[in-house]
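Novice: Sequence:
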Amino acid sequence: MHELPPLPASSGATQTARIGDILLSMGLVSEATIQSALDVQADKGGLLGQILVSMQAIDEMQLVRALSTQLELPLLEEIDAEAIDPKIVADLTLSYARQNVALPLELHEHSLTLVVGDPLNTFVVDDMRVLFGVEVKVQLAAESVVLRAIHRVFDRRAAADQVVDDLAEADVGGIAVDLEDQVKDILDEGDDEAPIIRLVNSVLNQAIKDKASDIHIEPYEKTIAFRFRKDGVLKEIVRAPKKFQASIASRIKIMGNLNIAEKRLPQDGRIRIKIAGRDVDLRLSTVPTSFGERIVLRILDKQSVVLDLESLGFLPQNLSTIEGLIERPHGIVLVTGPTGSGKTTTLYAALSRINTPDRNILTVEDPVEYQIEGIGQMQVNRKIDFTFARGLRAILRQDPDVVLIGEIRDLETAENAIQAALTGHLVFATLHTNDAPSAFTRLTDMGVEPFLSASSVIAVMAQRLVRTLCAECKEPHTPLLAELERLGVEDPERALRENTFYKAGKCDACTNTGYKGRLGIHELMQVTDGVRSTVMKNAPATEIKQVATGDGMTTLRGDGTLKALAGLTSIDEVMRVTADD
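Okay, so the sequence shown: first residue is -7 according to the numbering used here, each after it adds one.
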């Protein structure tokens, strides 16, 4: 075996250690492995470190650590992309950053901190020195880490104003090249992407960046309106000329595998895309209107969903109650509320909490919104008559411990759920009612006998989502006594003395809305003996509510008021969301 050539003798200056010697000293490779890599290098060329990675002798992070030691460069294991100001890359394109695997981190008066994946690329350092006019301090990270941070920073930087200007001027073909590169991974399109494809990708990318939950594309007589729903509120983003309507609709329908020739009937589909390295599912719905097809896309971003009960806004008392309920051996737990109130997210969080190897958890949903490891999830399909009721019957033959029913819509599903609960299963389900007590009257309206629902349901929770005040710009606010009285505060004057109320402000962090994110407000009704006897008398919802409140239930408005008192949301927001309470 050939011996490794010795390092050159020192001549007064410190010699840079070879990468092979550093890896040897770190105990990561043997001399034989180094020699094999040197033979490959002699035959095919290339960098020794990269050859060792391709041989799977070392991994990428081990190589980066060795390079950090060799070149005496600071090493970053991870990069906090959210802490980087997107303005720092205003003069760079995504393609340049990706090609050079380099990203500016911080700009100071006399220096720029630059993280690179290839420390031997001196050209990018020279470029940054000329571009920013300051000295460059280089830090090192794994290429995959740098590329992930690049995607996130450029995703945040994505120029909404440019998209808006292009649409407003009907210059769809003029969308910036760097924006095209940024969303290229959506469908891995080539360089000859059509302008409409770039336009649709830009809209999708902007919605993900803005953390919107829905995209509405609405045709009118002379224009097409694009609206995003963010934190539960719809906001018009831009209007485009009518002439692009057919092309936009066709492009989206192709992505969702729908029939582009059928424009007279509603259609539903699903789109799976990748945006800046993130997997995103879109639920697609089209309906015919007087001026063309109206399109709504529900965004299901797997990285943004919170499957943690503690993060959903429960008050400590309600959280403790929920934790007890989901550990019960049998019974039905209902979560009620309108579409978009977070019912499914709450149930997923509950399932995640009790998802252990000793439990068999099965679900039937319409559709399956998020995949959870370790849980069997089925999706209804009306085209083949696979309904909730039929799915539930099949599930009960699979020896389940816990069952989730996406929605109880009819008597057959309700009866199957009750039968499952009475035979020793814990059942989670959603129902569309305005408050918790109304769940029982809704079941009765379906045809369920009151004594059955009273004996099987162990709790009902109504839920809404309120916008959370932006921590950067919320302002102290003194509400009127009448406002506090409308909220149901027992002693408004004392509440004003002992608490600080806040209202929405305006800042860039919340795009001048005053709100950032949402949290839940809850009306958790346990089925006590008093509630059970009231239900069995077939009493109206108002009477059930009086009994439940007397037994300690906090109403939706009461829960929202407590969160306003804690400075989490505003009185206006609580009043808006609980107007029917």
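Hints listed in this document are in silico derivations from the structure and should not be mistaken for laboratory results. Be careful, since some hints might not be right.
Claimed, not checked - Computed list of lysine-lysine pairs in PhoX-like fashion (alpha-carbon distance at most 20 Å, straight line):
1. K79 with K129
2. K214 with K234
3. K227 with K203
4. K201 with K234
For clarity, every value in this text was computed on a predicted model and none was experimentally measured.
Novice: Taking the earlier hints as the rules, which of them does this structure contradict?
Specialist: Number 4 - this is the single hint that the structure violates.
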